[in-house]
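S.K.: Sequence:
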Amino acid sequence: MEKSRELLSNTTMTVTDICYTLGFESVAHYSRIFKLHYGYPPSEIRLKSYQT
-15 MEKSRELLSN TTMTVTDICY TLGFESVAHY SRIFKLHYGY PPSEIRLKSY
35 QT
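Residue numbers (the working numbering): -15 to 36.
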């Protein structure tokens, strides 16, 4: 999950691309696991990275 967070913050890769790059078979599953781990969805990390 840390690699996922890094890619979301530091690249322009889409959430879908990151999901498949990290070996997840479904974006829904990836998003659910990410949210369980961090407490918020991957899209929120992306929004925060654009605001800084």
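Among the clues, some could well be false.
Straight line, CA to CA, 25 Å or less: simulated DSS-like cross-link-like pairs of lysine-lysine [to be verified]:
1) Lys19 <-> Lys32
2) Lys19 <-> Lys(-13)
3) Lys(-13) <-> Lys32
These are computed hints drawn from the structure, not numbers from a lab.
S.K.: Now tell me if each hint is right for this structure.
M.R.: Hint check:
1. Lys19 <-> Lys32: holds (15 Å)
2. Lys19 <-> Lys(-13): The given pair, whose Cα atoms are some 15 Å apart, holds under the 25 Å limit.
3. Lys(-13) <-> Lys32: OK: lysine -13 and lysine 32 at ~17 Å, within 25 Å.
The earlier numbered hints are all upheld by this structure, with none contradicted.
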